[in-house]
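Undergrad: Chains as they are written, first to last, in our numbering: chain P, 1 to 221; chain F, 222 to 500.
Calculated directly from the structure, the hints in this document are not laboratory data.
What you are looking at is a predicted structure, and each value in this text was computed from that prediction instead of being measured.
Ideal Cβ placement from N, Cα and C applies to all residues, glycine included.
One or more of the hints may lead you astray.
[Said to hold, decoys possible] According to the in silico footprint, chain F covers these stretches of chain P (three or more CB under 8 Å from chain F):
id, region
1, 66-78
2, 114-120
[Said to hold, decoys possible] Each computed DSSO-like pair below joins lysine-lysine, with the alpha-carbon atoms no more than 30 Å apart:
id, chain 1, residue 1, chain 2, residue 2
3, F, K461, F, K440
4, F, K343, F, K428
5, P, K18, F, K266
6, F, K292, F, K440
7, F, K353, F, K461
8, F, K461, P, K18
9, F, K311, P, K18
10, F, K295, F, K266
11, F, K350, F, K276
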Amino acid sequence: MIFGADPGLGEVVLLSLKVSCSAVALAIFFGLPLGAFLALYRFPGRGLTIICVNALMGLPPVVIGLLVYIIFSRAGPLGVFGLLYSPSVMIIAQLLLVLPIIAALSRQHFVDLWHEYGDQLMSLGSNRWRAVPTLLWEGRVNLVTVGLAGFGRAIAEVGAVMIVGGNIDHYTRVMTTAITLETSKGNLSLALGLGIILLLLSVFVNLGVSLARAVTIRQGV
Amino acid sequence: MCRIVFFYFFSIFILFYTLGISEVLAGRNIKLATTTSTENSGLLKRLLPVFENRKDIKVLVIAVGTGQALKIGKDGDADVLLVHDSVAEKEFMQKGFGISRREVMSNDFIIVGPQGDPARIKGGRDAVKAFKKIYSNSIKFVSRGDDSGTHKAEKRLWETASNILPWNVTSTSWYNEVGAGMGQTLNIAIGMGAYTIVDRGTWLAFKNKREHIIMVEDKETLHNPYSVILINPNIHPHTKSEDAKQFYDWVIGEEAQEIISEYRIDGERLFLPNIDIYK
């Protein structure tokens with residue numbers, strides 16, 4: 001039913017993965033150091049910053065989409081780049097969506113890790129700053145879960161990518177916006193089929209990561 | 222440890238890739254902001270590949286309500302528009318956002334409703350009369366409520382049919398503004414067993430009609446012309462006005478007009494082309 005009806009399906013699935021994976025990778029890139037920083041360093045306004053980051057986890061994707069739209073529209077401050085309605089700006093929107101999740105959840109992990117290894121590291125002559133790579137490495141298995149939480153949020157959202165991507169066929173159409181479109185055409189069965197594929201996709205990604213994790217733990221590397 | 226370093230290099234690579242990905246993917250292209258009806262009816266799927274093959278210019282379609290499409294054009298986020306709200310279009314042109322505008326095709330709006338027909342308007346040929354009946358009996362009606370061309374046309378109808386405008390009454394339970402595109406609005410109207418107004422193209426292509434049928438056709442009052450508008454490159458120098466002009470000329474030309482006149486769903490013609498010989 002699904003494969004026969006839409007030859008462009010592979011393209012849509014691929015773009016979904018490309019956009020969300022890139023966004024999550026970038027969010028990890030920026031989010032983990034931020035999480036570590038918030039967990040290990042004391043600075044004025046730290047409590048407030050943590051509350052803000054935690055609160056941002058609940059920000060609706062449409063709001064992010066709207067903000068990114070306003071910024072990247074030709075009428076907006078970053079309009080000169082002409083990125084609106086492109087996959088790039090979709091990645092940026094999802095990055096902003098996922099970043100608070102990565103930062104907030106990893107902060108908690110770093111707090112726990114510091115409780116566990118902190119004294120030991122300090123006695124070995126390390127300090128808080130130098131401890132970060134070690135903590136990252138020791139906590140990698142749990143931090144993967146943080147990445148997965150971010151990925152789940154990114155791959156499932158429709159509000160932001162719809163606004164900034166414009167759901168352009170063969171260019172910015174992803175799984176969720178395709179589902180919205182098919183629903184609006186009254187193609188409910190096709191929309192549902194796409195939904196099932198999205199679900200399977202999510203299952204496969206989680207399965208893959210779980211396997212990788214199991215192997216890592218067994219090898220004890 | 223070196224894996225972390227590796228990961229960080231990989232992330233930087235993705236960052237650069239992100240910023241470069243779009244242009245590479247797109248190739249030579251123009252952006253067309255248009256109404257949901259042209260895309261949902263399937264017309265663009267028939268029309269655009271012919272143009273793309275002929276001129277080797279890809280058309281990236283952003284399908285939104287006419288109100289939003291005009292806003293996108295005004296901000297310079299699209300190169301060419303295909304919209305249906307002549308009042309707003311003229312204002313758009315007057316303010317200089319567009320450099321040229323031409324009518325491309327037309328169809329008509331229809332009033333659809335549940336087979337039981339609680340408002341007793343089935344088979345009517347007078348849209349205003351039908352709206353009056355819905356209004357006076359407070360029969361459930363779903364409105365787009367999104368400033369689209371269809372929404373504007375519907376509002377103009379209420380202005381002639383009722384003395385108190387239904388969207389100004391806060392306590393109405395029968396008038397529902399849903400703020401959604403045409404297809405979503407139809408889904409809601411069908412779910413609620415309510416009446417709504419829809420362009421014929423979207424209705425014919427719509428797959429979830431269930432018990433809903435056409436109630437009123439009124440080709441005169443409910444005439445629905447579509448125009449193509451070229452964004453003014455003097456205001457937005459970054460727009461791809463030359464390529465967009467090629468699309469503009471092509472869509473009002475013979476080849477496109479013939480495709481429009483031949484486009485049918487279930488044997489029924491969706492759009493009337495603008496060139497007389499193909500009508």
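Undergrad: Can you list which hints this structure breaks, lowest number first?
TA: 2, 3, 7, 9, 11
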